[in-house]
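Trainee: Using the sequences provided together with the hints, build the complete structure.
Here is what each chain is made of, one letter per residue.
4 protein chains.
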Amino acid sequence: MSQHSGYTVSIHYDHRLFRHDIAGSTAHARMLAKTGIISQEDAAKIVDGLEKIGQEIEGGDFPWDPALEDLHMNIESRLHHLIGPAAGRLHTGRSRNDQIALDMRLYTKDVAEQTIQGLRRVQRSLASLAQRYSQVLMPGYTHLQRAQPVLFAHHMLAYFQMFQRDITRFDDCVKRADTLPLGSGALAGVPYPTDRDFLAKELGFSQISANSMDAVSDRDFVVDYLSAASLTMMHFSRLAEELVLWSSREFGFIRLEDAFTTGSSIMPQKRNPDFAELARGRTGRVYGHLMAMLTVLKGLPLTYNRDLQEDKEALFDTVDTLLPTLEVFQGMLAGLELDRERVESLAGESYMLATDLADYLVNKGVPFREAHGIVKDLCGFCESNGKGLDGLLLADYHRFSQEFGQDVFQITARSSAAARDNPGGTAPQQVSQELDKVRRILKEAGYGI
Amino acid sequence: MSQHSGYTVSIHYDHRLFRHDIAGSTAHARMLAKTGIISQEDAAKIVDGLEKIGQEIEGGDFPWDPALEDLHMNIESRLHHLIGPAAGRLHTGRSRNDQIALDMRLYTKDVAEQTIQGLRRVQRSLASLAQRYSQVLMPGYTHLQRAQPVLFAHHMLAYFQMFQRDITRFDDCVKRADTLPLGSGALAGVPYPTDRDFLAKELGFSQISANSMDAVSDRDFVVDYLSAASLTMMHFSRLAEELVLWSSREFGFIRLEDAFTTGSSIMPQKRNPDFAELARGRTGRVYGHLMAMLTVLKGLPLTYNRDLQEDKEALFDTVDTLLPTLEVFQGMLAGLELDRERVESLAGESYMLATDLADYLVNKGVPFREAHGIVKDLCGFCESNGKGLDGLLLADYHRFSQEFGQDVFQITARSSAAARDNPGGTAPQQVSQELDKVRRILKEAGYGI
Amino acid sequence: MSQHSGYTVSIHYDHRLFRHDIAGSTAHARMLAKTGIISQEDAAKIVDGLEKIGQEIEGGDFPWDPALEDLHMNIESRLHHLIGPAAGRLHTGRSRNDQIALDMRLYTKDVAEQTIQGLRRVQRSLASLAQRYSQVLMPGYTHLQRAQPVLFAHHMLAYFQMFQRDITRFDDCVKRADTLPLGSGALAGVPYPTDRDFLAKELGFSQISANSMDAVSDRDFVVDYLSAASLTMMHFSRLAEELVLWSSREFGFIRLEDAFTTGSSIMPQKRNPDFAELARGRTGRVYGHLMAMLTVLKGLPLTYNRDLQEDKEALFDTVDTLLPTLEVFQGMLAGLELDRERVESLAGESYMLATDLADYLVNKGVPFREAHGIVKDLCGFCESNGKGLDGLLLADYHRFSQEFGQDVFQITARSSAAARDNPGGTAPQQVSQELDKVRRILKEAGYGI
Amino acid sequence: MSQHSGYTVSIHYDHRLFRHDIAGSTAHARMLAKTGIISQEDAAKIVDGLEKIGQEIEGGDFPWDPALEDLHMNIESRLHHLIGPAAGRLHTGRSRNDQIALDMRLYTKDVAEQTIQGLRRVQRSLASLAQRYSQVLMPGYTHLQRAQPVLFAHHMLAYFQMFQRDITRFDDCVKRADTLPLGSGALAGVPYPTDRDFLAKELGFSQISANSMDAVSDRDFVVDYLSAASLTMMHFSRLAEELVLWSSREFGFIRLEDAFTTGSSIMPQKRNPDFAELARGRTGRVYGHLMAMLTVLKGLPLTYNRDLQEDKEALFDTVDTLLPTLEVFQGMLAGLELDRERVESLAGESYMLATDLADYLVNKGVPFREAHGIVKDLCGFCESNGKGLDGLLLADYHRFSQEFGQDVFQITARSSAAARDNPGGTAPQQVSQELDKVRRILKEAGYGI
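Residue numbers (my numbering), protein chains in the order written: chain A, 1119 to 1567; chain B, 1119 to 1567; chain C, 1119 to 1567; chain D, 1119 to 1567.
No lab work stands behind these hints, which were simulated from the structure alone.
Take every hint as true, because none was put in to throw you off.
Below, in silico cross-link-like pairs of lysine-lysine (BS3-like), each with a Cα-Cα straight-line distance of 25 angstroms or less:
#1 Lys1293(B) / Lys1293(A)
#2 Lys1494(B) / Lys1388(D)
#3 Lys1505(A) / Lys1388(C)
#4 Lys1494(D) / Lys1482(D)
Calculated from the model, a selection of chain D residues having no Cβ within reach of chain B, i.e. all distances over 12 angstroms:
#5 Glu1176
#6 Ser1324
#7 Asp1514
#8 His1516
#9 Gln1520
#10 Gln1528
#11 Leu1560
Small disclaimer: the values here were computed from a predicted structure and weren't measured.
Just so you know, even glycine gets a beta-carbon here, dropped at the ideal spot from N, CA and C.
Mentor: Below is the structure:
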């Protein structure tokens, strides 16, 4: 190796594709034999040799050699060592360019599936949490200002929806990666009577690529994964932000388990939500990889350019960030304890019921904007008299509108929530139905609770 | 307006949502009447008023008032002016938060559809171009080095595939935006017996949102559009790069129409590919908007926060960048002239046929790696004797292998391309079949050529 | 104009460079006369014409023509109209490429200076605020957990330091933009005996560019501004986050003035911190422009390419985002009211003084780690007995260490802060000295308080 | 360690800070002794222990323990093992928060200095290259169209200027990192009479931080490095693009050494410019890290939050990308061979001298725009008669203007370049002077050629 050769070496990270590379080569050897391009004997030797190599790698016995730069050369060289000249026939009708495209697609499909499974487990934790505290009211926020009472379960199920969308994105990601590039050669196709449909079937692809030049240049599926991962991490950053807020003394809504907090060396009570903070921070990392990959691809002429080698670490590190984040949230949410009393006590606090008062008037026939005006005046009266809405007498109400009756006192946080009794609303029966749906979704996906 | 109020004003850009806002309000008014929440008379007045407002805006007669900050307030105020107190009832059972979410979803669905149509037109230009020069060979490149002969049509159809994937992404984008948020209120749902399914039907949504808190906080669909647009612009940046390269004197492959080049004030022959360069540059702009929106959403607690107002300009400017780029490429590709002689003359130049020689030997039974070794030596021989492969005699060939026969001289750029006769390969009959498929796809989409 | 010409038009945004363009042309005309390249008469006509054009534009009387695409062509065409053939001589010894580079540099220098002034005003507001509440204690946070008491003034001056660093970055930005590109021609220099030093002096540049090819390709100074702006917006996003937190009922630390909050239409008490939220959101926008510009420049060969036109809107929108943000914070901070009682009451709450207890023991000779162990046990004792440190008796202390004396009760939030009496620490006298320094810095910069 | 603890572990990357951490702890121990906070004996033990630990790590004998999560805990634990209870005194008057801020600043200063040295070496290669081919003309490009002849040396020195600016950015980076944070404690300062000026002197800082809360929250200096690195990589991406273009058969301008190209397994002549491509691709990686870090910091409240742990890998990987890229370019440029004949032959080709013709007329007194018109007609004449400007007779010239004389034939590529004889222009004597300056700059920096 020359002085600078480290610059092009990739074996320290591309080795992780070994299972996919071996699977691809095995299928290729079988296809070459099936079509008579190589002999059955040679194919059998190759397949055996590859199997042995797989075992060596799994077992930690493989003689990795950085001088051989990448995974392909390491395996190829080892295969030669193990089975001799027959190894030379494996590369018939294929090139590095379609081989690496194949490996990356197989890998991407795998990790996208794993990501979906991880998201399902997080969803299950959310659903359990929603169920455990299904009747607990809490303040709902806009602008980080208390706005209207909502069920804690409703709040949790909002995140369920986000992850549900994320799952559809990773599903799409699988679909888009699900095209066999093998058979594209270096760029123009291969001059052998290969059977690409056989290859696709062997390797579990639902279709073959339609254009060889596109097939060896295309890394859209990597960007698709990174985009989906960016949105998912964004959702976790929002949830993490809330967990951090709720863990503060000022909010005091929740208690995270010890396993998900870091204490002070001195204050055992200190419960820093480090895991949530790290997840929030790692959002940046995934966004960064997305931007990196988009930048790499910008302005590249067809077909293969070495710039494309940069696809790997961006993807691998994203996977290594996202999958553990899913595990952390699954566990962190499962063990989260809600301070029911605290959140319930704030749920109907003071002006949060003002809009309910306006709706009360609307229901008595007052036009919407007029009702708003009345309640606005009422709130102003409270403010200047230093009292909350909950401190008013009927006489006070009547100073602003004769439409107010004794039933105005039945407006509470609970009645407010209960009134939002439309699909998607926070009324207990709506949330309960939603929870049923959610359970069904999870059960169908094999994650029943 | 206070001194700083300009900071929150959005009317200078959100006005473009007026059609969607009016459609949403009209449907809402109808629903309120249908469910008896407001009277048929009021609803009729509202619907008429909104229709008139729509006409005023279309006609340029609407009295926009920046002091009213945003589109909603402008329309609401005008409606009051036109129909009086009934206007006050329109806001029953809805809030700014679900209203703007609705407008953005309607808008996103619309522009995603337009984007698909624009992409189809670009695909049609590509297909026409492929057809026009269907038999022309050119050098195919890896690392910007000539590698193997390919059909120009094959090269063009590689881009067809990229845009085909882009279309599926915008299709998904439509699907993800296709959820009605109206009825979510400020965050918790609404305390009225609204009929959300009716609204969905009126407004062309296939489903209603399942969680009100998510519905008012969610801007994933905007990110989805920006992600899809980033990939699409990336594809155009690759094509633009190639057009710039091919327009250079050094390549000299193509001539762009005058309408898509900018001349020098002095040299009428100067044909700067400014449109391609601008498209390439504008890739950055769209990436930037994606990054911007991901940053906006990072770490936001539920539910609505004013940060979300930043969704609009990022999306609007992306649309204003992408749609015209589609138009430009449709036209630019349609009028592109290929210098057939030039590209054909380079298609089989010198060492580009080396891999074909190796494949020739493999077909004669030489193992792949050995065949490669022989051709490597042969190329070395050429290099040191200052000749190309095309200058060798049979005797020269025999110095390296007796397997070479007279038929070695039948290896040409055209035979090389023809040999790559597998699905996805560059063999003329493969490309021709692919072109048929492509025509079918376009025809089915209503863009027959 | 052809059907697609809108794609290349820039007049709708580059018109804002008119003052810089006119200044540049005026200086160029003077130089051409001084060096005898054109006659004094021609130069005089040109300068007069340009002055008139400047007045027309300022007065709103200039006949802008989009068909002329950009600012340069609009001014050039108008100049011809006003002064006839002499106008044709202005373009001697200069090209579009060095002309636009000049305009952008003049503009960047200007806005960087304005940015510094805006930052100074924000710093002044921070210093005033620190002074107004100079003795008020509040909880200092790590991980959004209360950690140690700090002075509110100390907290405000942390932001002063951030903006101080930002100012040095914009200073550097001015320095890097401070190189005259004029005289570089299209790319290779100009074949006239121009006097570039004269031009530099006229236009206020401290040096001339050393390489014409670099000078017309270089947009580093734009990236420099965008990088500095990104960091500045990041700082504001942190401050904005704190203002949002502190405005929440849960924290309840501050009250923002009406001008910087948006109320509910119904609850006059509702004080949504919309300005802070928007500033936080607009951080994304500026990051996006930075990413956009970096992407534009990636992989561009020398020299001028039309991609560079994309430098303008990225820069302009960043300026239009940052300068108003500075104004908003200047005003918002100036009018911020701190709830002294609330923050003081939380400043020494419970375990926040634990580290002070450990330091107390260290000062009595106990090794640091041992002291920590003792206090850890003490805190554990409190936790399991449901009391705070403030509820302990001396006897309780003695169960853990005999080193505790009566003076342990002198440990309070105030004593804790006072003890951090080293440069940079939160002790009142340190903060007071720091405030003096800060005032001196502001005074020297012409922003005395 | 719990099941999820891997999520917070950093020892696999933060170990690389060990030299800086040990230097910081050593200085801290000395300061504690000097101020009497701990005894001289304890300090001596600590310093010895730390020295031994440093040797262990350098020698590969250190017992790293992932269960101890990070570098600090590993060293602290080992110190206890080596020297017993005295180790417990090292943490007096300091916290993790100011300790890690210190380590990062020491590291950043170091790598910024190394980056500058690497850039100097690249500049030296550029200067050598410029000198080697100092008189060679080549086509200068705009829009990738040949525009005007330039000296190859002039082109190379354009990059010298870019890297010169980069160096000033890394210089600024050093300056901004050059502030001692130690003494800031967890966030509020420390309750010991520490001597921060002594620490600063020991550790080579020119100043101490002014505000403890800022000091532990600030990672601006990391962003500064990443911004500077992004611009530098952008410059390399431009140079890489040109090397890729120039290595193509179509341009055929240069030959890169074998060590910087990757051949085909079959074609020894194949010289793929993989190193240049990888450098171009890795630009994305560095942009990504910049975006990642900006995202991490967005919206973080004061002071330390665990999100900040994400600063390390972003910085480390940027350093690991940039420094090797500098080495690669130093070597790649040094060995680059220019095809003089090829580039010279294209330097004056056809219409490239059109602007010189116009300037010729201007020098004869024709107004600039009129001269342009004449040459435009002349070029049109050539185009329609299928000849180049070099094929015209004087009679042909006279059809367009009588101002043309015999001396028009003295306009050549060389005369064109020579005419651009102003500072920054491509005239040989200007370039020669510039080369002298450049040599002086390098010599003063210790990199004489």
